[in-house]
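> Heads up: the sequence shown is residues 0 to 101, going by numbering that gives the first Met the number 0.
Some hints here could point you the wrong way.
To be verified - Here are the simulated DSS-like cross-link-like pairs (lysine-lysine), alpha carbons at most 30 Å apart as the crow flies:
1. Lys-32 / Lys-46
2. Lys-93 / Lys-46
3. Lys-77 / Lys-46
4. Lys-77 / Lys-32
5. Lys-77 / Lys-93
6. Lys-93 / Lys-32
Since the hints were derived computationally from the structure, they do not count as laboratory data.
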Amino acid sequence: MKKALLFAAMAPLLSGCLFAPTDAGWALIEQSKRSGYALENTGAITKHGRACAQNILGLVAQGDSSIEAARRNGGITKVMAVDHEIESYIVFAKVCTTVAGQ
Numbered sequence: 000m001k002k003a004l005l006f007a008a009m010a011p012l013l014s015g016c017l018f019a020p021t022d023a024g025w026a027l028i029e030q031s032k033r034s035g036y037a038l039e040n041t042g043a044i045t046k047h048g049r050a051c052a053q054n055i056l057g058l059v060a061q062g063d064s065s066i067e068a069a070r071r072n073g074g075i076t077k078v079m080a081v082d083h084e085i086e087s088y089i090v091f092a093k094v095c096t097t098v099a100g101q
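Please take these sequences and the hints and turn them into a complete structure.
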């Protein structure tokens, strides 16, 4: 009986649904920034756009953290750089994409 309770308590941790991916593996708690792309600069960066998505317990997710959503939010027609930010705290995760361009 004790083994069954222990397994039931550990199952969410073992399933990976409470973890956020990192470059080094999987982490329970993470705050990181990553440069995604540095596209060819053919002019000055004049605009920035940001889009975020959240996840609670791997069960409830909302938002759009796509490059396209960030581009629309910033009114950008020419994307020149893309960065990603990840925050993960055991039961809550947030991913944001920031684009820069013209």
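> Each hint: holds or not?
These are the hints, each one checked on the structure:
1. Lys-32 / Lys-46: 19 Å, holds
2. Lys-93 / Lys-46: 23 Å, holds
3. Lys-77 / Lys-46: 10 Å, holds
4. Lys-77 / Lys-32: 22 Å, holds
5. Lys-77 / Lys-93: Since the Cα atoms of Lys-77 and Lys-93 sit roughly 26 Å apart, the hinted pair holds (cutoff 30 Å).
6. Lys-93 / Lys-32: 12 Å, holds
Every hint from the earlier list agrees with this structure, and none is contradicted.
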